Amino acid sequence: MFYAGIFSFLALLLIASAWYAIRQKDLLYGVIATGVVSLILSVMFLLLQAPDVALTEAAIGIALTTIAFVITIRNTERYENDKVESGFQNKTKEE
Amino acid sequence: MSITPVHYIAVPLAAAFLIPILSKFHKETARIIPGLVFSYFLVISFVLMRQVSNTGIISETIAGWRAPWGINLVFGYFSGFFATLMSVIGFLTWLYSYRFKLVDSKPAMSYYILLMMLVTGSIGIVITGDIFNMFVFLEIVAISAFSLTSFYPGRDGAEAAFKYLLIASFSSFLILLAVLLLYTQTGTLNIAELSTKVHLIPQSLKLTILVMFVVGLGIESELFPLNGWAPDAYSQAPAPVGAVFAGVVVKGGIYATMRVMFTMFDINEMGQILLILGLITTIIAEVAAIKQTQVKRMLAYSSIGQMGVVMMAIGIGTEDAVFAALFMMFNHAIIKGLLFFSTGFLLHNSLTKTIAEMKGVAKKFPVLSFMFALGSFAIVGLPPFSGFWSKLYFLMAAADAKLFSMIALVLAVSIVEIVYYFRVVGVMYYHQPDESLPTKQPGLNAYFVMGFLAALIIGVGVYPDLITNFLHAAAYELTHKTEYVQTVLTQFVR
Amino acid sequence: MKRFLVIFLMLALGFYLIQALHFVPFGANRMGAPADKKTVAAFYLNETVPQTAVANVVTAIVVNYRGFDTLGEVTVLFLATTGLASILYKRRDEEETERVSKPSSTILQTGAKVLFPLVVILGVYVFVHGHLTPGGGFQGGAIIATGFLLMLIAYQKYHLSHSMLTWVESLAGILFVSIGLWGLITGGTFLENSWFPKGTLNSLISGGAIPIIYIAVGFKVAAELTGVLDILLSTKDDKSASNIQQ
Amino acid sequence: MCSFDYQTIMSISIYGSSVVLMLLGLYAVLVKKNLIKIVIGLSIVDSGLHLLFVAVGYLHNGTAPIFSPEAVDKVNQMVDPVPQALVLTAIVIGFATTAVALSLVIRLYKHHKTARIDQIKSLKW
Amino acid sequence: MNTLALILLILFSGAIVAFLSEKVSKFLPSLIAFISITAAGILFYTSPADVFNFKLSMAGLNFTLKIDEFSRLFVHMIIGLSWLASMYAVGYMQNKERQGTFFFNMLLSIGGMLGIVAARDLVSFFVFWEIMTWSSFLIVVWTGADFRRTGIWYMVFSAMGAYAMLMAIMMIYSDIHTFNIDEIIAAIAEQRLPHLVEASVLLLFGFSVKAALMPLHVWAPNAYTQAPAAYTAIFSGVLSKMGIFGMALVLLSMLKFANPADFSLVYINGFIGQILAWLGAITAAIATLYALIQTDAKKLLAYSSVAQLGYITIGIAIGTPLSVMASLFLAVLHALFKGTLFLAMGAVERQAGTTDMTKISGLIRRMPWTFFVTLVSIISLAGVPPLAGFVGKWMLYEALITNGNVFMVVVVFFSSTAAFLYSYRILFGIFLGQEEDDTAHVKEAPLSMILPMVVMALLLIALGTYPGLLFDPIAQGMTVLGFENVTWQMTVLSNVWGNTVNLMYISTTIGVAFVAALLFLTLKGRKGSRNVGTKDISTSGEIPLEHENLTYQLDFFKPFERAASPLYRRKMTKIYDDLSNGLDALFDFTRKIYTGNGQTYALYVVIFLVALLIYVQNTL
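Quick note, the sequences are listed as chains A, B, C, D and E, same order. Numbered by our numbering, the letters in the first sequence go through residues 1 to 95 in order. Numbered by our numbering, the letters in the second sequence go through residues 96 to 589 in order. Numbered by our numbering, the letters in the third sequence go through residues 590 to 835 in order. Numbered by our numbering, the letters in the fourth sequence go through residues 836 to 960 in order. Numbered by our numbering, the letters in the fifth sequence go through residues 961 to 1580 in order.
Only chain A is shown next, with the shape it has when bound in the complex (with noise of 0.2 Å):
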């Protein structure tokens, strides 16, 4: 019943993570939690009895995805506008 308690407070976690870096509009805390979900993911691996996985979830999921979101979202930009500007918007929040 403790892991059932663990589980399911992991998934709401998960769940709430993913909700999150679904809503946010700033991609860098989105990708931030994205690895958090990776993070949570790769606990569950863990307790799921597939330390394999969890080690190469925690090793590519975490870090490497992330980072590699990362990299993107510098090469591009930070914030997801949803309005649509007229024409080629290359104008970014950046005042």
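Just so you know, not all the hints are guaranteed correct.
Subject to a maximum C-alpha distance of 27 Å in a straight line, what follows is the list of computed DSSO-like cross-link-like pairs (lysine-lysine) [said to hold, decoys possible]: (1) E:K1015 with B:K386; (2) B:K576 with C:K626; (3) C:K626 with B:K292; (4) D:K959 with D:K868; (5) D:K959 with D:K948; (6) E:K986 with B:K458; (7) B:K458 with B:K535; (8) E:K1534 with E:K1484; (9) D:K868 with B:K454; (10) E:K1056 with B:K458; (11) E:K1319 with E:K1015.
Simulated from the structure, these hints should not be mistaken for laboratory data. On a predicted model such as this, the values are computed, not experimentally measured, just so you know.
Chains B, C, D and E: place on chain A using the hints.
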């Protein structure tokens, strides 16, 4: 060491890993080694096909574990047909693009590696006997295809590749999910063993799995609502890659569909749906093709339309229909190859690749234009070219199943096809060239490739028995799965 | 409008997924008893130790039973590197743009310098012991890549030898394939394991060729992942640096 | 059946979270306009799928499928190793796809100066 | 080697050699074409009749080719006309570009036609049909002018016809699993063919396209006009007869065996035959009306061809022994005179540069031989005694009247009369009247072009004098169709009232009158006439603008046109234009499905997935 199916995979992989090193010493190796590999493919295909005709289906184990336990490769008439076709198209594409315009050596290297892996991955899909392994090969194909789609610098290539990636992610997601669900119910991943165990799956779950396969593989085989990526990818990839997409990559998707639907499951469960999907695909694609202004995009839609017809034939599901489907795929591979290859030089220096730019090219490129016209005639199914026979056999199979309304619609759509192909031919031959783009005459290699394909089109058209026996054997093998299952599960080559 | 459609679709899809998962009770034993060898999983659990002398069954599956998948997988990574290089390719004249951004803090630099060897050693440990403990080529490779990533971030001028990466990647790949081919040449099958001495269970030298393959995979994955990140990092346009620090 | 026993909670939380994860990811892919958000969505879908893989291999009171010297006889309690092996492959492939997607995003942004997918449609019809 | 296969092989390989030989010399393709057709002809006429039988088993299908007495009739036409036309083409095509393509396609289409008439199974019939279609398409667009309108329309209509045929073939196949015509006939006789009605309607539809029946004729005038004259002779002369051949095959040899009780709908003289006959009659009438207002001689002849094919269709569709005979007789005649006319117009075009009747006139002195052949064939065409056209028309009237289709006779008679008007216009417009200054340099066509025309004109005269020459082979051919012993008294027609009329008397009388009139006019014309140029205003009552052409060639039938203008207002082509525009808009609308937004595509995938899941889970 005798030749076994695994050479199809091991040799190109070794070559792919070798090329980055070797090209440091000699740049030309990046193009020569893939050529050697493709030539070796031809050798493998030839040897293995002879072996199959002597001894029946070859089942090879990997890592020494017999079929359900380890991954195995299966090479029979059916797989062999696809593998041989892919090898030939791959080789021709390499030969054709041997002198294709490449800016400098680094992209050239990645072009050849990706091209080689595109073909290798497709052959992998075809010869593997393991459903998860098939997924891995699908991914190999997908990754190479994304990269090749966005090969030309510029925004449109990236856009096409991103759409492709977006849709293909759905495909891999669904296939993976379906594989997982299958595994939970049967405890195996081997296709042959799965086919003996699918009856254990509860009906409702089985239907869900089937739907996932239909959608997932339908994306790869360009079924209608799932093919948004295809026209973009075809039109943005380099012309020879377009030929590979039409001749190799789609064939991989169709093969997977057939393998899953016929060998693992029973086609009757999804046949009707595939039939209707194929019909809708054909209609929409041909209708969209007639309004295209870009040649390659038009060819892409036409390709989708052909795949729709193939899918209809698969949906009919009889042995004759499978035979017709295989014949159509063969024709589609060689004819679309010819069309893409000739377009590649006809619009070599054009950036927009519109039909209007082909005005009067027949004056400058008589041979190329002739090839394009030949391809157009063949693909709309005029005798005495090979396209006619496949259409005839498809119609015969459909008539056997009493699907007259389908026949009528397919034929009606064929008229549309005639219009847009002949319009292009008309522009090529009967318009005055207005301004002269700098042209590039194809080299001897390209002429050889196109001449070979044209000869094949006419040869098969005049004497279809060149390949029909072989295709009949393949269709028989697919529709009578016991031999496949027996061979995989009991006899195997160590 | 579209949002509601999507929400409806998601609910329907969720319904059918749950319905499908209904047939997959959580935590139930679907493999059958390992001794029965009714399913592949049972077979693997039962046979791994006698046949391959590998303690970690997942490793045995990944490298040996389904080694072909692994070969395909490293190929996918290899293709991703190649593809990335071609997607983000710049012609010679524009290639030499500096990796401009603000220099990192001293703490990060020092930390990176200290951590880097440790991370690499950890990675090597993980893939060398892949057949004994959790972990293996992918994990170890990914960890090593993380180490390099650290260096790349900390030192803007950190020069990664592309030539080295290529060599490592290619040689590791060739090693993998040639181990596979060796099995064929010696009259067995591709990726055959039996020509190599099995060793004893739970010792470092055990499992036949599995550790060798996994080491090759480890190097290869490390080189490939590092390559991927390096390519991503080295694509920058002028405005990029300012964008992330607001 | 309705009682919240261990079994139910576990299956709801694991299966439920993985399904919800997949659906959330799909939702992001289908609704969010930002390319990076879409890629994030794809990677979340993948995560959910990976969780599902591991979850279906789980066995009650199972142990990891690793034979330690002292516990060779635990073979009957080991969780299913096959999904774990598969998911290893899937994770790596997923990363490769994500990397390619991100590089495409970078290139698209460079040319279009926007990361909104509904403005990147120069290829249509 | 089988003779029939050898003939086809000669033609097809000749085609390829002709195509390639263009690289060597411009002159070579025409020569090769002529030689191949000659060789094929020699082979055909020197071999005994029973060797034309060829079986081939390939690709799981059995192909049977056989020339029986009925096909032989058509083979005579094909080989004869093609031989003459190819001889003509040697001169006609001189110094033109892309001769290789032209002769390649010409030989292919001739081979295709031979294959069609020889085919005894539906697949080879279809194969040859398609080969004939696309090769003739390539000749139609050969000049390159107006590809879109002419070429595409021709191909679209042909494809519609061909695919309707294919559909019918597949329906038959699904019932009895064979393509062999003899087996199909046997199956019809045993009533094992449930799809007979649909299949025959579709087949007839397909053949109607080639025969240019009324709603499907819009491609024909343009296509006939566009093709080079050397080919139009074949095109209009025999290629369009393939439609007639097919109709005969369906109506006379297949449906005849259908049980009248079961298939009363389609039985001869039944519903479909009547409809077809009426379509033929309407086609004849309307095409004649359109022919009247044409100013281009080739186009006029094209409409005239459509009209003539209408008559021929009537005969086949009515299906009595006499009507079939009339129809076949007219078919052969039409091949002869329309072939001659097109060749003559080709000669005019080549020598004078145009066939526009408002631009040229008075060529009689420049091109007397051409005038002669035109005169002979026009008399045949108009159905005026003494030439054979009259005999054919008479037979047709008689067949119709004895069959009770009196009203149809009125229509046919009307169009026949009008045919006289337009054919006169050609004669007058081009050859008679004042001589233009700019046609003064025109010379007679070379001998190689004159010779075929003269041969055909002489044949026409011979047939006019002895129409019975043709009745024998036709009667023999009709035995194959089941019309045993069609009795026909040479040169004697029995009229409706039971009397017999000796044709010979009529012909002789009219011939004598003609010669007398000719002599009279010639003698009279010797004196007192004056040659005036077309721009000579001294003959005119009003003051014209400078250089205005005031001859009769302009507005030849102006009063008639004014009277009949409501008839001309509605054009068939308009309907097709509207249809194609509508389809175009529909297509444009449909392809908007591909919005270009990747997310939309992804949404499609998910919608489709969910829809399929819902469908599958709830129905299967």
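Evaluated hints:
For the hint pairing K1015 of chain E with K386 of chain B, the CA-to-CA distance comes to about 44 Å; that exceeds 27 Å, so the pair is violated. This hinted pair checks out: K576 of chain B and K626 of chain C have alpha carbons roughly 25 Å apart, not beyond 27 Å. With a C-alpha separation of about 15 Å, the suggested pair K626 of chain C and K292 of chain B falls inside the 27 Å cut-off, and the hint holds. Our distance criterion of 27 Å between C-alpha atoms is met by K959 of chain D and K868 of chain D, whose separation comes to about 18 Å.
Proximity of K959 of chain D to K948 of chain D is assessed by CA-CA distance (about 19 Å); at most 27 Å being required, the pair is judged to hold. The suggested pairing of K986 of chain E with K458 of chain B holds, with an alpha-carbon distance near 17 Å, which does not exceed 27 Å. At most 27 Å may separate the alpha-carbon atoms for a hinted pair to count; K458 of chain B and K535 of chain B meet this at roughly 14 Å. Distance hint between K1534 of chain E and K1484 of chain E is unfulfilled; the C-alpha atoms sit about 50 Å from each other, more than 27 Å.
Taking the CA atoms of K868 of chain D and K454 of chain B, the gap is about 40 Å. The hint is violated against a cut of 27 Å. With a C-alpha separation of about 16 Å, the suggested pair K1056 of chain E and K458 of chain B falls inside the 27 Å cut-off, and the hint holds. Restraint check: the Cα-Cα separation between K1319 of chain E and K1015 of chain E comes to about 54 Å, which exceeds 27 Å; the hinted pair is violated.
Going through the hint list in order, the structure does not satisfy hints 1, 8, 9 and 11.
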